[in-house]
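Model the full structure from these sequences, guided by the hints.
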Amino acid sequence: MSLLHLVILAPFILAIFIPLFFKYVKQVHTGWFVLVLPTILFIYLIQLIPTVSGGEPIVESLAWVPSLGINFDVYIDGLALLFALLITGIGALVVLYSIYYLTKKGEALHNFYVYLLMFMGAMLGVVLSGNLMVIYVFWELTSLASSLLIGYWHHREKSRYGAQKSMLITVTGGFSMLASFSLLYVMTGSFNIQEIIAQAGDIATSPLFIPAMLLILLGAFTKSAQFPFHIWLPDAMEAPTPVSAYLHSATMVKAGIYLVARMSPVFAGASEWFWIVSVFGMFTLLWGSFNAVRQTDLKSILAYSTISQLGMIMSLLGLGSAAAFYNYEEVYFTATIAAVFHLINHSTFKGSLFMVAGIVDHETGTRDIRYLGGLMTFMPITFTLSIIGAFSMAGIYPFNGFLSKEMFLTGVLNTLMMTDFNMQSIGFLFVAVAWIASVFTFIYSMIIVFKTFTGKYQPEKLDKKPHEAPIGMLISPIILASLVILFGLFPNQFLSYTLIEPAVQSILPTALPAGEQFYVNIYPWHGWTPELWLTIGVIVVGTIMYLTLTKWQNIYKILRLHKKDPINYIYDGFLDKLVTGSQKITYMQMTGRLNNYLAFMSVFLIAILAYGLIEFDAFALDTSIVGDIPIYFWILAVVTVATTITMPFIQNRIAAIITIGVVGYLLALFFVFFKAPDLALTQLLVETVTTTLFLLCFYHLPELRKEKSKPRFKIANLIISLGVGIGVMIVGISSIAMKAGRPFESISEYFKENAYELAGGKNMVNVILVDFRGVDTMLEILVLAIAGLGVYSLIKLRMNDEGGRLK
Amino acid sequence: MSNLLILPIILPMLVGTILIFFAKNHSLQRVIAGITAVLLLILAFYLAHEVYYHPQQTMILELGNWSPPFGIVLVADMFATLMVILSSIVGMLCLFFAFKTIETERAKHYFYPFYFFLLTGVNGAFLTGDLFNLFVFFEVMLLSSYVLIVNGGTNYQLRESFKYVVINMIASAFFLVGLAYIYAVTGTLNMADLAEKVGVLEQQGVLNVIAIVFLFVFGAKGALFPLYFWLPNSYYGPPAAVSALFGGLLTKVGIYAIIRTFTLIFTHNTGFTHDIILALAGLTMFFGVLGAVSQFDFKRILSYHIISQVGYMVMGLGIYTQLALAGAIYYIAHHIIVKAALFLFAGATEKITGETSLYKMGGLLRSHPLLGWLFFISAMSLAGIPPLSGFFSKFALILSGIQEERYVIVVVSLLVGLLTLFSMMKIFMYAFWGEQKIPTEKVDKKETMGLLKPIIPLVILTIALGLSAEPIFQFSLGVADQIMDPSNYIDSVLNQD
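Taken in sequence, the protein lines are chains W and G. Under our numbering, the first sequence has 184 at position 184, and the numbering climbs by one with no breaks. Remember, our numbering sits 807 above the position in the second sequence when you count from 1.
Read the hints as simulated data drawn from the structure, not as lab findings. This one's a predicted model, so the numbers in the text were calculated from it and none came from an experiment. Ideal Cβ positions, reconstructed from N, Cα and C, are used throughout, including at glycine. There could be a bad hint or two in this list.
[Claimed, not checked] To give an idea of the chain G side of the interface with chain W (calculated C-beta under 7 Å), a few residues:
(1) P876
(2) G959
(3) I1019
(4) L1097
(5) G1098
(6) L1206
(7) L1228
[Unchecked claim] Okay, the calculated beta carbon distance ranges per label pair:
(8) D576/W with T911/G: 31 to 37 Å
(9) A787/W with T1128/G: 38 to 44 Å
(10) L835/G with R653/W: 44 to 50 Å
(11) E749/W with N872/G: 16 to 22 Å
[Said to hold, decoys possible] Mimicking DSS-like on lysine-lysine, the simulated pairs with C-alpha atoms at most 27 Å apart in a straight line are:
(12) K1158/G with K796/W
(13) K584/W with K1167/G
(14) K1158/G with K1244/G
(15) K26/W with K1249/G
(16) K1260/G with K23/W
(17) K564/W with K551/W
(18) K1249/G with K105/W
(19) K915/G with K796/W
(20) K584/W with K970/G
(21) K1249/G with K1233/G
(22) K675/W with K752/W
(23) K739/W with K675/W
(24) K1252/G with K104/W
(25) K158/W with K1167/G
(26) K1252/G with K1167/G
(27) K915/G with K23/W
(28) K1233/G with K584/W
(29) K752/W with K739/W
(30) K1253/G with K915/G
(31) K708/W with K970/G
(32) K1249/G with K1167/G
(33) K577/W with K564/W
(34) K465/W with K105/W
Below, the structure is given as structure tokens:
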């Protein structure tokens, strides 16, 4: 256990104490206790930067379940550190913000902060672990925490719906990842990521390689809300806004991005990887931005915007994998660098925007842009913050979003240079999608700012009188907005070689000879490049379209997108069908009727007996025995069978019981023939007693009702009964036949020889019962006692369903 | 030879008998029963300890001093002792829960004696080394279960337990038929001897069909597809303590018998027998979980989940590698603990709300937070969410499935895991989330705590089994190693010095 393990476990440990703080330190908002931790962790992690950016990963190991290959390895390289800084940094800001957002009174703060800390620890675990199974464990914990946070206000129907949805979708992805990791383990014999990467070349030809890739991508796509798995994210907005800012835009939804980046060294060489990651990313980018424009809830706009931006980062990682084909030509590095850069930028501007949305909600009582407007004069600081965040998102200079957007466009344009995959002819599609999506991004960014803060003020539609937020709520977004500007103006001073370059090293570890660095110099001005023209086009077209929004908004109605995301119909329909379908299947077999159950079981028995008999050609008949059977034995057999057959036809209870008695007495005769007089005697006794008892009972019973059932039903029952009977008989005959050939004696020989000598009894059966197998007899006596006592208690005690006694 | 082996059987039997005479004195019954349950647990651990440090890790007891294969022999290997430990843990905690919840009327009508007779049968089934004796212990267990399931005699109990009794009686009849077959072929009933004789005959011809008959019999006791019809409704009727004991323990006796016979005796045509088992495993999981998805009743969902999880246990046997069997054994341990806990939670919520239907519950998390979170942990463990016990057991099974290229069952087991999560979330969302339906002033904290006390150890166990998975998994691997090699068992029983 090292200090680094403690970094991951510290949030869990603190979480245990949170309910105590909440209960016993009522005068202090619980959030203050929480805030300390991410702040300390952030400072601790910051000072690791020089070590890690020097190219040396920090590695620690701790055995957990070594017999399954699961070790709690901590592995901190550039990529891990970048994410860890985001998690703790944004985490600290969000906790601070939440202290003012959630009041002490009436909120279940102990629950809230326990979930939040659980998430923080789990997320740190995901990014700092070097063992796939440990990643998986923490991965599921993030899903769980996320779900609990979405359902935080669980008395709301929508919260519960959103919680369930996110859990089902992300855990589906989690299970798929588990399968993928297991496949990787079978291929490489290890769950350690670095050991797997070392074998990347060998496993690329394995037939399991592609399944492993697809399954891992399913995990990543569900978590990072890629189309068509994105539908859980808009519903996740039911969570309190600090949660949305933290989990559902800055950190957890980037876990999928992290995974793709982390596994790139293993899979990036495959063309399937390139295609799937970049196409899904591109489409998500387009879908998210296009759908964001039609939303009316500020948080929904931000949710779709997040989906879109995640798609963009994902596609960049896909495009960046092209480097692995082209012998690591430098032009293809741009996409990967852009991915890392935009990842940082997105966390800053989207975080601040969510907080702005939270402030608006908090101070006006609504987030619906149809009711908002003209808030600029009431909340000037918030307005400024929203401008910074939204303009950065739209890709406007001098904010950081402009720089990474430019790099994104460069990355996409560079794909036109690719010589494979028909890229020269279809590469322009990527460019077109990127451009169109950027236009819509521009539009919804403008909507966020101007529909909320400018236009007509409508006080009659607001629950509260709006005013500027308390300073505590503003600190966090101000810090984030400052970073937006700082990173926009001085990217090289703050980020290039401290965070971006080391992270790119982790994604493309073999691209450069050891000791060399990627060239990451970020400038706003590259001359009149195609990227710049595209950006100018985005701004011009975007502005025009924003101004004419009402004119073309009908397109969403025409495309039937205005009510809900069409994928939601599939999800809802599926869940519905799942429940009704399983009810159908269940009630089809669980009919509640005993004769159905017995019929199913018998058919099954017949089927497997037949299968076994045929498969092993098991039917055998020892004809030598048949010859020895005396004629009276045949007669006895026929009489027994005939008596049995009459049973179902008897309609009178007394007659039925006597017939059964006859069968019993006939059986006793068999025992006589087999020279077992004491067994015969026992059988006669039992038969007599039971028949008498039956007759006594029947005196109190009503007349036997004639059972009415369809002939078809009767025939089916007849066939089943015959099948079971014949099956039992065949196996019996075959067993006896097999006995003849066995090279050893039965244990009964021992009993015959030793019953008198060792046990001192002349009747072998008795000796077996009371001595050789005396325990069986003792237990059977116990069985009798239980039965007797059971009958007694059954007669004595009749209760109703409420636990009271029936008279 | 050690007389220790008979104690887990004889002690509950004697105490059960004594308790008959004190049936009217409820508090004295509790004292005697409680002390005995604790003693049984200590005994189980001591026995396991002795066996673990025994040179062959197997101890036997020849009953009546008749040497095997002629007399009855008790065999305690690691698998058997593990099961005895589990039965003692669950037996003790469910008993404590019964102290809080069983009506005096039921207690006066021999609830406690039957409870201990049931444990007699269960422990005996785990420890016996004789196939006919196994039948007898099954009878002891089943007869007690018939009575316990109907004890109280409500209309619902009478109706549903009738089906339970009839189906189990038929299965028992086939058990007897199977015994007759195998005795006809091999002339022996001692399990070690049977293993040897079946080996000599190379498990040819009809022996495979006989194997199937035993699979049918034990499958009916263990609720495999399509033999599980008796389970969901009959487990609904009796008091929670009984449902929990049955849900946790009883079906597992059937599974134990399947694993025992198909690792010891019928191991020569695994391509046939174990493939059938694997197919049944998949179908059992699938239909079981669909049943759980279809229900909106706390107890019924849990009942159907017993079926689906039995599938995982036999999945390990069907794959039949050391890792897979270790996974199955881990899974059995996990399941017995978690399933008992969940049924007790159902009982506790029923006691609190008076309901089992999810539609009529809501908001329990606010009024009973501890109950809610403990349930949540157990539910997640059942769904296989890490790092709880359910995850590691399931993971071992999945990994072994992939190693053996049994992809279909791997996919099925993952999907079933997902649906398990879905149905457990359903309980949590309906019963614990939502608007609070019980007025806060009506909440009796003391009563709730009393109900939770017997459950808390089970929840701690499922967490501990997950977090410290390594020693448990090592032990499971040890058990799997031992049962994968029948010669150890055979030698211990037949060729002792």
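Going through the earlier hints one by one, which of them does the structure break, listed in rising order? Numbers 8, 27, in rising order.
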